[in-house]
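Visitor: Below are the chains, spelled out letter by letter.
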Amino acid sequence: MPLIHDRGGLPDDRPIDRAEHELEDWELTADALMQALTGGGVMTVDELRRGVESMERWRYEHASYYDRWITSIEKVLVEKGVLNGAEIDRRVAELGA
Amino acid sequence: MSDGHGHDHGHDHDHGHDHDHDEPVEGALPAAALRTRAIESLLVEKGVLTAEAVARGVDWLVSRTPTNGARIVARAWVDPAYKQRLLADAKVAAGELGIDAAQSVTVVALENTAAVHHLVVCTLCSCYPRALLGPPPAWYKSNAYRSRAVVEPRAVMAEFGTELPAEVEVRVVDSTADIRYIVVPRRPAGTDGWSEEQLAAIVTRDSLVGVVQPVAGEPVAV
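Just so you know, the protein sequences line up as chains A and B, in that order.
Note that the numbering used here has the first sequence beginning at 1, numbered continuously upward.
Note that the numbering used here has the second sequence beginning at 1, numbered continuously upward.
Think of the hints as simulated: they come from the structure by calculation, not from any bench.
Any given hint might turn out to be false.
Claimed, not checked - Here are the computed distance ranges between Cβ atoms for each label pair:
id: 1; chain 1: B; residue 1: Thr50; chain 2: A; residue 2: Asp46; range: 16 to 26 angstroms
id: 2; chain 1: B; residue 1: Ala155; chain 2: A; residue 2: Asp25; range: 30 to 40 angstroms
id: 3; chain 1: A; residue 1: Glu20; chain 2: B; residue 2: Val168; range: 26 to 36 angstroms
id: 4; chain 1: A; residue 1: Leu3; chain 2: B; residue 2: Gly98; range: 34 to 44 angstroms
What the hints assert, rightly or not - List of simulated lysine to any residue pairs, SDA-like, C-alpha gap at most 25 angstroms:
id: 5; chain 1: A; residue 1: Lys75; chain 2: B; residue 2: Arg56
id: 6; chain 1: A; residue 1: Lys75; chain 2: B; residue 2: Glu45
id: 7; chain 1: A; residue 1: Lys80; chain 2: A; residue 2: Ala19
id: 8; chain 1: B; residue 1: Lys46; chain 2: A; residue 2: Gly9
id: 9; chain 1: A; residue 1: Lys75; chain 2: B; residue 2: Lys83
For glycine and all other residues, C-beta sits at the position ideal for the given N, C-alpha and C.
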């Protein structure tokens, strides 16, 4: 079985959803975060890819594009000790309150 | 699974996410939005990033549009010498038109002819010449497009309304993190005498990926 991100030729009989999607603010931010992180030498695009490609299968299948990105960014930043999971959870709770 | 994660991903997850839908719905998860905001605020607070650097990233992204690719193609249609330079080095050719692709990885321009039609996909992810064309369309990132484009490109193109004669060879090109592609479509008949600006106006984003071909229609006033 190929890895989760290796989609070429996988059986898929779904039509292409050609609906346009204007990027939402948080999606632009997620992209910009990645640009700033790579520009600042904090993480690399290859690390982003590795984080996306190692997502659990069901998460990958159902996550939107930038959801995959921010999931990977979080994972890599925690691995590097730049952030820790508990403080991210706390901040999420504060922002969501 | 054979990817070494060591446990079977079955049906007993409790990750707190709604996953009833088959295909990701772009932007549909407020949880991801919240985590993005949380990570941004912590990174700025800790001085890892500045808010200005994040703002610059947003500005860069929204400043990139398929219009840049359309200008490049229109120039190639009217200037054979430029076309040769484009096919030799797309980033240099973009630079000639004042389009800064310096921070991009290698970009290769692929010329469609009467005999060969190119279709671009990124089966592994979403690699796309963002510096030239802006962020990729949602369909380009979809699992269905990534899976199907390489095995049934004609069926995929047909969904975009594109039917090519059987004798035209379809070449599917798989983008990578290191090489991105831009298609140079064929100049449609009925555009003799059009200005470069009029030509650029019919070069759509999707024609730069190869799922459609530009059509002449009426020249628009530009």
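Visitor: Please go over all the hints and tell whether each is borne out by the structure.
Guide: Tested hints:
Checking the proposed 16 to 26 angstroms range against B/Thr50 and A/Asp46 shows it holds: the Cβ atoms sit about 24 angstroms from each other. For the pair B/Ala155 and A/Asp25, the supplied restraint of 30 to 40 angstroms holds, since their beta-carbon distance comes to about 36 angstroms. At about 28 angstroms, the beta-carbon gap between A/Glu20 and B/Val168 stays in the expected band of 26 to 36 angstroms. Taking the beta carbon of each, A/Leu3 and B/Gly98 are about 41 angstroms apart, inside 34 to 44 angstroms as hinted.
Our distance criterion of 25 angstroms between C-alpha atoms is met by A/Lys75 and B/Arg56, whose separation comes to about 24 angstroms. With a C-alpha separation of about 19 angstroms, the suggested pairing of A/Lys75 with B/Glu45 holds against the 25 angstroms cut-off. Between A/Lys80 and A/Ala19 the CA atoms are separated by roughly 37 angstroms; this puts the pair beyond 25 angstroms, and the hint is violated. For the hint pairing B/Lys46 with A/Gly9, the CA-to-CA distance comes to about 44 angstroms; that exceeds 25 angstroms, so the pair is violated.
Restraint check for A/Lys75 and B/Lys83: the C-alpha separation of about 44 angstroms exceeds 25 angstroms, so the hint is violated.
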